[in-house]
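K.L.:
Position 67 (the sequence shown) corresponds to 67 in the UniProt record's numbering; numbering is contiguous.
No lab work stands behind these hints: they were computed from the structure.
Hints are all accurate, no fakes.
The list that follows gives simulated cross-link-like pairs (lysine to aspartate or glutamate, EDC-like), each with its CA atoms no further than 16 Å apart:
1. Lys117 - Glu141
2. Lys88 - Glu141
3. Lys6 - Glu148
4. Lys153 - Glu12
5. Lys145 - Glu160
6. Lys117 - Glu138
7. Lys145 - Asp20
8. Lys83 - Glu182
9. Lys6 - Glu141
10. Lys88 - Glu182
11. Lys128 - Asp82
12. Lys6 - Asp147
13. Lys88 - Glu138
14. Lys6 - Glu160
15. Lys6 - Glu138
16. Lys176 - Asp82
Given the structure is predicted, the values throughout are model-derived calculations rather than measurements.
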Amino acid sequence: MQGDSKSVIPLESNPSIFTDLSYNLGLSPLLQFHDVYSLVDQDLLAFLPQPIYGIILLFPLTRQYEEYHKNEDSKRDLELSDKVTWFKQTIGNGCGLYALLHILANLPSDLIIENSKLAEFLKQVQGKSIQDTSKLVEGLESFIKLDENFGSKGQTEAPEATASIDLHFITYIKGKNGHLYEL
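Based on the sequences and whatever the hints tell you, model everything.
P.N.:
As structure tokens, then:
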């Protein structure tokens, strides 16, 4: 994202990378990420383990989406604060990390390993402002060393952290009120 003070190597859209990163943070080994080959074909959906706690999608960025995103971000804190946990992206090319954190932060607490880095992080962000949670996410990224440990993994050659990327990860999760949210 333009204007970010820090940038990271973008994560590859690879369920193994998301699963490894989640386990590293403290996700229960009962869960893992999987490729989704269709959102409408019932035969393909039947292959996915249940329940599904969230979906991460990768899609091409457009100027229209970036303008929409900028307008929506300013409203999100007030609209979502009691329904979902949401983090404003302040790390360039970090949308994969944010998509992952949006799922992990909205999971039932029994799916997070007690006393893990993730459990500690989720306690710290409760009730904090957008600015404070942004600093906590940046600290978490420094702790896990995203570039070094996850940015260069995968099947494709990783771009530079400062590269202009025209793809973006988003997350769909179920909020505390049972509604579907795009984060």
